[in-house]
Amino acid sequence: MTTARGQGRAALAYLSPALLVLVALLGYPVYQLVVISFFDYGQEQVSGGAPLEFLGLGNYSTLLGSAKFWSVLGQTVGFAAVCVSGTLVVGAVLAVLSTRIRPWARTCLFLAALGAWATPAVAGSTIWLFLFDANFGLVNSLLGLDGFSWTYGKWTAFGLVAAEVIWCSFPFVMITLYAGIRAIPTEVLEAAALDGASGWRTARSVMLPLLRPLLIVVTIQSIIWDFKVFTQVYVMTGGGGIAGRNLVLNVYAYQEAFAASEYGLGAAIGVVTTLILLAITVFYLRALRRSGEVL
Amino acid sequence: MKASRSLAEAVAVVAAGVVAFPLFWMVLTAVKPRGEVISTEPRPWTTRPTLDSFVRALTVQDFGRYFLNSVVVAVAVVALSMLVAFLAAAALTRLRFRGRTTMLVMLLVVQMVPVEALTVPLFFLMRSVGQSVPAFGLNHLGSLVLVHLAFSLPFAIWMLRGFVAAVPVELEEAATLDGAGRFRFLWGVLFPLVAPGLVATSVLSFIHAWNDFLFAKTFIISAADNQTLPLALQVFVKPDDNDWGAIMAGSTLMTIPVLVFFVLVQRRLVSGLAGSVKG
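Chains as they are written, first to last, in the UniProt record's numbering: chain A, 1 to 295; chain B, 1 to 279.
Derived from the structure by calculation, the hints contain no laboratory data.
Cβ coordinates follow ideal geometry from the N, Cα and C atoms, glycine included.
You may find that some hints are simply not true.
What the simulated footprint calls covered on chain A by chain B, stretch by stretch (three residues with Cβ under 8 Å from a Cβ of chain B suffice, anywhere in the stretch; the number is not a length) [to be verified]:
no., stretch
1, 48-56
2, 82-88
3, 100-111
4, 269-276
Cβ-to-Cβ under 10 Å is the rule here; a few derived chain A residues that face chain B [as the list claims (entries may be wrong)]:
no., residue
5, 10
6, 24
7, 30
8, 37
9, 129
10, 170
11, 172
12, 176
13, 194
14, 208
15, 244
16, 254
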């Protein structure tokens with residue numbers, strides 16, 4: 001057909017728009033993120049009123065030495081842990097349930113789940129805020145808690161945000177696991193039944209090992225998503241709660257950079273978040289390879 | 001056996017009701033008259049449905065303008081990313097060249113970058129872009145188009161690669177024998193064949209751009225006219241004295257396009273796949 005050289009030239013032509021966009025708007029910003037995190041970069045430096053000062057790892061030592069950073073990190077981990085376990089439990093239970101019901105009931109459940117999945121994060125957050133509104137919310141009226149503010153207390157606020165996050169992220173787990181269960185050959189399950197295995201025994205010794213790779217994928221995917229929740233926390237707690245007691249890493253980075261104009265420090269928090277997620281991703285890929293998945 | 005299935009179905013229906021309830025409450029609140037919304041005894045029905053809240057959202061809160069802004073950004077992102085991703089996917093599946101494997105690995109790695117961490121460098125990048133091309137700088141919709149184009153590309157290329165690979169190589173040989181050049185083949189043969197894949201991919205790009213809150217909040221600082229829906233909606237929610245009717249009407253307007261696309265893409269995908277098998 002055409003020469004190898006001609007193919008190479010054509011490939012370059014086809015790929016150049018994509019390469020240009022990715023290098024300029026993803027590659028370069030990643031490099032810049034690291035660079036900025038090494039400088040004292042505040043409002044004065046941005047406006048040119050003061051010279052840039054190279055701090056080396058100064059921003060990082062400030063961060064690691066501040067009690068607030070550690071408490072935000074702990075909150076982020078705890079919040080993600082609650083969201084991930086809630087998402088997995090609700091998703092897995094409903095996935096198993098979906099395999100035992102007739103199509104009409106399954107369609108009902110899947111349509112509702114698709115609706116929750118499709119709702120934009122900001123819209124979902126405002127709906128939940130209204131449902132739990134202190135004065136006009138349905139929940140308070142049903143529970144007889146007139147005037148009780150769910151977003152005021154630290155733990156009720158975190159709980160409310162976690163509930164909204166679980167609501168919009170369990171459908172992914174449910175639909176993926178449902179497809180996984182359906183993909184198990186019926187012969188395998190029949191063989192187990194012939195061997196006298198009970199329903200519980202079949203689930204534990206036959207289905208669970210077969211679903212393991214899929215379970216690992218949805219778990220790690222959920223960890224990655226829930227670790228970087230921004231919109232729900234920002235909208236529902238009004239930017240991180242009273243005195244910042246509902247901050248998670250991404251909201252903390254945003255507040256440091258754009259509210260306090262500490263861009264260097266904000267960038268350093270961004271680097272820390274990226275490194276943590278990178279570690280989770282590496283773990284993810286290794287788990288995938290171990291379970292025999294081909295990329 | 002039958003009793004346990006009925007029980008499972010009852011549980012499923014209750015679960016579906018609970019999951020769908022927030023959406024039902026959103027639409028119900030949007031069509032309730034104002035007095036019933038601001039009530040300490042909310043009822044799960046209304047006898048006097050009205051579009052007043054939608055009118056207030058569109059006129060008082062100027063939601064129509066923000067809706068249009070969101071549409072402009074999402075449509076521009078979809079059009080550009082499909083064009084760029086289609087070319088890249090065609091090169092990565094159809095052409096042999098050095099560095100091809102490296103490119104594929106890079107595409108996977110890039111998808112792992114948490115874009116939320118890039119607000120600071122992207123803010124400064126858009127600030128400098130704006131100094132030479134204002135339309136793509138801070139406070140302009142162009143800045144949002146640029147970043148969402150970049151965010152959606154890696155996944156779009158990856159997904160389209162599969163659709164391009166599914167088109168038989170024999171078709172390309174036949175087209176070449178018929179005298180079609182590479183350009184003719186690309187746009188006249190390959191492009192229509194991967195159209196179902198383009199639809200599925202573009203819906204995901206659309207939803208990403210449509211839902212974005214973080215970058216809209218970071219880039220559109222002082223230009224109220226250039227806000228997008230998520231940003232506008234968040235501004236309406238005040239610590240107290242909320243016009244919940246209008247807020248829920250706005251949420252409804254924001255959610256409906258995404259819901260429609262979700263349903264649409266399912267059907268298109270199925271029919272597209274069925275069509276390619278039959279043909």
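Inset, instruction - Find the hints from earlier in the document that the structure breaks and name them by number, from lowest to highest. - result: Those not satisfied are hints 1, 2, 11, 12, 13, 14, 15.
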